[in-house]
Amino acid sequence: MADEKSENPLRVGLRMRTTVEPCTVVLFGASGDLTKRKLIPALFALWQKHLLPPGFSVIGYSRTKMSHEAFRDAMKAAVLEFAEGEFNQSAWDSFAEGLFYVAGAAQDDEAFENMGALLTKIDQERNTGGNVVYYLSTPPSLYEPIIFQMGKFKMAKPEKGWARIVLEKPFGRDLKTARELNAKLEALFDEDQIYRVDHFLGKDTVQNVMMFRFSNGIFEPVWNHRYVDHVQITAAEALGVESRAGYYEEAGALRDMIQNHMLQLLALMAMDPPVSLESNAVRDEKTRVMRAIRPILHKEVSEFTVRGQYGAGVVNGHQVPGYRHEPGVNPESATETYAAVKFLIDNWRWAGVPFYVRSGKRMPKREAEIAIQFKRVPHLLFGRSAENQIEPNQLVLRIQPDEGITLRFNAKVPDPRGIPGTAIREVNMDFLYGSSFGALFPESYERILRDAMLGDSTLFARRDMVEISWALMQPILDVWGSEKPDYFPNYEAGSWGPVASDRLLEQDGRQWRRP
Amino acid sequence: MSTNMDTERDFERPRPVDIGAIERELRRMWHEVSSDPAHPVARARVLNLVVLVDAARINAACDSAAEVAVDHPARTIIVGMDTGKKKSSLSAEVSARCHIPFGRRQQVCSEQVVITAEGEATHNFHGVVTPLLTSDLPTFLWWMAPGWPQGHAFERLAAECNRLVVDSGGFLNSLDEFGRLYSFIRDYNQSEPVERSVADLNWTRLTPWRLALAGLYDVPQYREALRELKTVSIHYLKSASLPIADKESVGVELTVSGPVLIAGWLASRLGWTGARKENSNLVVYSAPHKAGIEVRLNAVDWDASDPGCQACFIQRIELECGGNNGSKFTIEIGPDFIETRAAVSESQEVSRRVGYNPRTDVELVSEEVDILTRDTVYEGAVVAAVDLSAVLI
Chain A
352 MADEKSENPL
362 RVGLRMRTTV
372 EPCTVVLFGA
382 SGDLTKRKLI
392 PALFALWQKH
402 LLPPGFSVIG
412 YSRTKMSHEA
422 FRDAMKAAVL
432 EFAEGEFNQS
442 AWDSFAEGLF
452 YVAGAAQDDE
462 AFENMGALLT
472 KIDQERNTGG
482 NVVYYLSTPP
492 SLYEPIIFQM
502 GKFKMAKPEK
512 GWARIVLEKP
522 FGRDLKTARE
532 LNAKLEALFD
542 EDQIYRVDHF
552 LGKDTVQNVM
562 MFRFSNGIFE
572 PVWNHRYVDH
582 VQITAAEALG
592 VESRAGYYEE
602 AGALRDMIQN
612 HMLQLLALMA
622 MDPPVSLESN
632 AVRDEKTRVM
642 RAIRPILHKE
652 VSEFTVRGQY
662 GAGVVNGHQV
672 PGYRHEPGVN
682 PESATETYAA
692 VKFLIDNWRW
702 AGVPFYVRSG
712 KRMPKREAEI
722 AIQFKRVPHL
732 LFGRSAENQI
742 EPNQLVLRIQ
752 PDEGITLRFN
762 AKVPDPRGIP
772 GTAIREVNMD
782 FLYGSSFGAL
792 FPESYERILR
802 DAMLGDSTLF
812 ARRDMVEISW
822 ALMQPILDVW
832 GSEKPDYFPN
842 YEAGSWGPVA
852 SDRLLEQDGR
862 QWRRP
Chain B
70 MSTNMDTERD
80 FERPRPVDIG
90 AIERELRRMW
100 HEVSSDPAHP
110 VARARVLNLV
120 VLVDAARINA
130 ACDSAAEVAV
140 DHPARTIIVG
150 MDTGKKKSSL
160 SAEVSARCHI
170 PFGRRQQVCS
180 EQVVITAEGE
190 ATHNFHGVVT
200 PLLTSDLPTF
210 LWWMAPGWPQ
220 GHAFERLAAE
230 CNRLVVDSGG
240 FLNSLDEFGR
250 LYSFIRDYNQ
260 SEPVERSVAD
270 LNWTRLTPWR
280 LALAGLYDVP
290 QYREALRELK
300 TVSIHYLKSA
310 SLPIADKESV
320 GVELTVSGPV
330 LIAGWLASRL
340 GWTGARKENS
350 NLVVYSAPHK
360 AGIEVRLNAV
370 DWDASDPGCQ
380 ACFIQRIELE
390 CGGNNGSKFT
400 IEIGPDFIET
410 RAAVSESQEV
420 SRRVGYNPRT
430 DVELVSEEVD
440 ILTRDTVYEG
450 AVVAAVDLSA
460 VLI
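Going down the list, the sequences are from chains A and B.
Under my numbering, the first residue of the first sequence carries the number 352, and numbering increases by one thereafter.
Under my numbering, the first residue of the second sequence carries the number 70, and numbering increases by one thereafter.
Keep in mind that the hints were calculated from the coordinates and are not lab data.
In this text the structure is predicted, and so the values were computed from the model without any measurement.
Note that CB positions come from ideal geometry on N, CA and C, so glycine has one too.
One thing to keep in mind: the hints can contain errors.
[Unchecked claim] On the chain B side, residues computed to face chain A include the following (Cβ under 8 Å):
1. G188
2. E189
3. L280
4. R338
5. A411
6. V446
[As the list claims (entries may be wrong)] Label-pair ranges, simulated between beta-carbon atoms:
7. A:A421 with B:Y251: 50 to 60 Å
8. B:A129 with A:F438: 23 to 33 Å
9. A:R595 with B:L202: 50 to 60 Å
The whole structure should be built from the sequences, with the hints applied where relevant.
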């Protein structure tokens with residue numbers, strides 16, 4: 352029989368993934384939105400897929416006072432509202448037996464003692480092996496107090512089992528605070544115990560970027576400066592700030608999207624093939640390419656970046672207010688709801704190829720995509736005319752919605768009149784996930800939670816990646832922070848962003864793709 | 070042969086077509102489909118699916134194949150065979166089977182060709198099917214007909230396809246046929262030139278049990294306890310007591326093919342050898358570094374007061390460990406759940422229930438058409454099942 356270190360002999364040939372070890376997940380911020388909308392539904396989905404073992408447990412921790420039963424009822428309501436698929440009462444009853452709750456504030460010694468006692472009791476009764484995942488789904492301002500308490504109660508290095516800590520972005524507000532947070536974490540935890548979530552990385556379509564690049568031999572030879580003219584990475588939302596003004600006013604588009612999700616997508620696009628799929632092998636390559644991104648100097652910020660804030664407009668046929676008129680937003684807010692940055696990568700593969708990255712709220716539609724524009728043919732045989740619109744080839748990887756891949760190329764237009772000619776048009780060759788694979792995408796948090804419990808850090812940001820990305824943002828933050836944008840708002844809700852963003856590409860003889 | 074060329078605009082209704090004009094009619098159908106901009110349709114194909122079925126069950130086969138195509142858009146060719154007819158005849162119909170994927174507005178359509186072969190034509194319909202197979206797509210051949218897969222047309226088509234889908238539970242009539250099953254699989258896998266494999270729905274049905282058992286070995290504490298495994302008891306329903314309407318297709322010994330396969334799987338994966346019979350339902354294996362492992366196959370009566378799962382032959386699997394720890398693991402199927410219970414050493418028993426409904430053949434086939442490679446784990450289980458069944462007979 353195989354021992355713990357060898358492969359499970361019964362798992363061979365099974366197409367489902369490994370069940371995680373028994374553990375308890377402690378959810379800090381359990382009364383919050385993320386727990387109800389994403390975390391508990393994802394955990395229940397994992398339970399339903401045989402991916403969590405008997406005895407798996409959850410402790411919800413939050414200031415709201417409630418009993419274990421009230422917490423179970425609240426989580427059932429959350430699953431009924433936010434989970435996909437059919438609800439099975441028997442499965443829920445079994446899952447709910449493992450849900451517990453402790454009420455307390457971030458620095459409540461008594462509550463932390465109660466939590467420790469409950470963890471011990473759960474371990475004894477439900478055989479969790481002493482293993483714990485601490486998931487901080489709280490506002491970032493509570494990270495440090497919670498980490499302080501964890502140090503005080505010696506929760507980072509349990510005597511029995513393992514402990515891991517999972518933190519949501521934003522990870523710090525800037526380079527200084529990110530380094531401080533990392534230092535506080537690493538005073539208690541080893542790096543391999545720390546899981547910094549970027550939920551974009553949990554999406555199947557984002558994982559497909561690497562699969563696509565490294566399982567198809569025809570693309571790698573052209574994936575470089577010889578053939579690629581530029582890359583555009585877009586994450587557009589039709590929604591406004593909704594109920595997140597409190598967070599967003601302090602963050603803005605650069606911190607909320609560019610520093611984390613967008614740079615991760617850029618890294619996946621630009622990295623060299625890793626030597627293996629082991630988590631650090633992949634993250635080493637991503638970090639290597641991020642180190643090659645040319646820092647934007649303070650004096651270059653106006654040339655390489657654009658920021659914007661939406662004003663009133665019409666989105667999806669509905670009149671919407673401008674950002675400054677949203678609930679909870681300062682009427683003179685200087686927070687950007689749109690950011691665009693031009694990055695250059697100084698390495699052999701990408702020298703001279705700009706990566707244009709943009710993200711914004713209140714754009715015409717929700718769209719996240721990576722578009723690779725290839726260079727034009729070296730010599731136009733057919734000539735440009737009204738009939739011939741010979742455009743360079745484009746490869747577009749759509750992250751969401753309409754998940755799929757499009758290759759755009761030129762083809763001759765058949766002329767039914769039989770008149771000889773060379774009318775040429777662009778056509779699309781489409782792969783759509785929805786048509787080719789009928790199944791729904793699993794929720795990205797299922798993958799993230801499962802990987803954290805399995806100890807697989809591939810989809811999580813490493814310390815160096817986080818600090819490099821903040822270092823790239825810092826000059827932009829410094830300049831934007833010091834220059835009041837008295838031209839805000841500068842784009843209408845429902846448009847593709849400020850005019851200045853178009854000029855960012857036009858100055859290079861290029862233009863934004865309309866997603 | 071049918072010669073009608075139906076001109077109906079509703080492309081989802083089958084249209085009879087001349088055998089020699091199937092491909093042309095399909096093109097015409099898609100041209101009509103794409104001409105209505107108000108109702109966009111996406112044509113999709115990721116595989117070829119050929120279904121061989123008794124002519125009497127052709128409609129059911131069409132519906133099943135259409136359901137498979139929801140997740141695996143396909144060019145589906147269904148052949149209904151009627152060997153009883155004296156006159157040789159081949160006729161065909163084409164249609165599109167469409168659905169709207171969740172969250173989208175556009176219909177996704179797959180094409181379906183239905184061929185009826187009567188009399189002598191049941192030996193040579195492969196000549197009509199082969200040219201219809203879309204090149205560069207994997208081809209699956211689903212034997213839905215009764216009995217062992219056989220016939221000249223079947224053999225010719227089997228040589229063209231990448232994966233054969235059968236249900237050995239439908240043609241294994243006695244335990245002594247496990248040897249024949251193994252020979253069939255081995256011969257098929259070794260045929261040249263195309264690399265081929267066999268999918269067996271009788272095996273696919275066991276996936277939930279295999280998952281639950283494998284999950285036990287994922288957990289280090291459980292694996293430690295399972296080092297002292299001494300007894301595996303597999304409780305399955307006696308067919309005679311099954312409260313299901315159609316018992317004619319279920320042989321008395323048929324229901325034991327699943328338990329024998331899963332016992333064979335455990336034996337092949339965990340290195341148990343040398344099965345010897347102790348009594349009619351108890352076999353003892355030798356296992357590395359331990360005393361014998363007992364495997365009990367217990368036929369139980371249907372109990373209306375404790376329903377379990379009436380469409381599931383296997384009701385419960387128990388693993389009892391010896392030594393000082395006395396751990397016990399139970400996997401049991403309920404009306405709508407499968408429950409795993411673990412009592413390790415003297416600690417409290419913990420359990421996990423997950424929602425479960427017996428899967429339909431469509432769901433089983435949908436799982437199998439995701440795979441093109443040989444399932445060597447299945448083949449190993451069959452080899453071990455051959456040994457086990459030889460001992461049991």
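Tested hints:
no. : hint                           : verdict
1   : G188                           : 38 Å, violated
2   : E189                           : 39 Å, violated
3   : L280                           : 5 Å, holds
4   : R338                           : 4 Å, holds
5   : A411                           : 5 Å, holds
6   : V446                           : 3 Å, holds
7   : A:A421 with B:Y251: 50 to 60 Å : 57 Å, holds
8   : B:A129 with A:F438: 23 to 33 Å : 30 Å, holds
9   : A:R595 with B:L202: 50 to 60 Å : 53 Å, holds
In this structure, the hints that do not hold are numbers 1 and 2, in rising order.
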